[in-house]
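**Student:** Listed below are the residues making up each chain.
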Amino acid sequence: GAVVSQHPSWVICKSGTSVKIECRSLDFQATTMFWYRQFPKQSLMLMATSNEGSKATYEQGVEKDKFLINHASLTLSTLTVTSAHPEDSSFYICSARLGTLNTEAFFGQGTRLTVV
Amino acid sequence: AQSVTQLGSHVSVSEGALVLLRCNYSSSVPPYLFWYVQYPNQGLQLLLKYTSAATLVKGINGFEAEFKKSETSFHLTKPSAHMSDAAEYFCAVSGTGDYKLSFGAGTTVTVRA
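Going line by line, the protein sequences match chains B and X.
With positions in the first sequence counted from 1, the corresponding number in my numbering is that position plus 2.
With positions in the second sequence counted from 1, the corresponding number in my numbering is that position plus 1.
Chain B with its partners taken away, still in its complex shape (with noise of 0.2 Å):
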């Protein structure tokens, strides 16, 4: 199947400092990427859909200038958590859907950002 290559694993960072976090489709091409949340023990929240070349579409509640979102490329896109805080430490997972037709998303591995 596809490979979805998040980076980094784990990131720990002090509060008021910005993480990014990468995700790659390293072997097709994905016009749109999704970027969850995931607190310990919970599931999955859709934070953001991000399409290439154009402005990223955020669910409701979460902050867009919190959460940047850029997808430069067909095979690219970041989360920038700016000016991080404690309670933004949480588990970063991004998918990738394989095309228009094909319905299956194919996830990274995760990032766990711990705020210090």
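Calculated directly from the structure, the hints in this document are not laboratory data.
Errors might be hidden in some of the hints.
Chain B side only, calculated, beta carbon under 8 Å to chain X, not exhaustive [said to hold, decoys possible]:
no., residue
1, Leu46
2, Val64
3, Ile95
4, Glu106
5, Ala107
6, Phe109
According to the in silico footprint, chain B covers these stretches of chain X (three or more CB under 8 Å from chain B) [claimed, not checked]:
no., segment
7, 39-45
8, 102-108
Even for Gly, the Cβ is constructed at its ideal location relative to N, Cα and C.
Assemble chain X onto chain B, guided by the hints.
**Tutor:** Showing chain X alone in chain B's frame:
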């Protein structure tokens, strides 16, 4: 809008016993349904998917699920549990033209030796 409800946040089974994870969906359009498995600190791996073809769907690792429209269900089963099946399982739904996935709360499976 689409949503799924997973009944039972935790399931414990003996090795070799049947695994049954329940999922009911709500959808205003014909749904696409998925089961994913997640191991600790990892992303999600697709077990199987229903996309309006055969109602009995076979997936990886011996899992299968049956789409029952009359019951709005998509329960996941495996005849004989293995220790490696211990993980978190998520049911998810999307609309036919909507690529967004809505996930259930998840079910933790533990396998007893």
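**Student:** Hints first: check each against the structure and report whether it holds.
**Tutor:** Here is how each hint holds up against the structure:
no.	hint	verdict
1	Leu46	holds, 5 Å
2	Val64	violated, 13 Å
3	Ile95	holds, 6 Å
4	Glu106	holds, 6 Å
5	Ala107	holds, 6 Å
6	Phe109	holds, 4 Å
7	39-45	holds (count 4)
8	102-108	holds (count 6)
When held up to the earlier numbered hints, the structure conflicts with hint 2 and nothing else.
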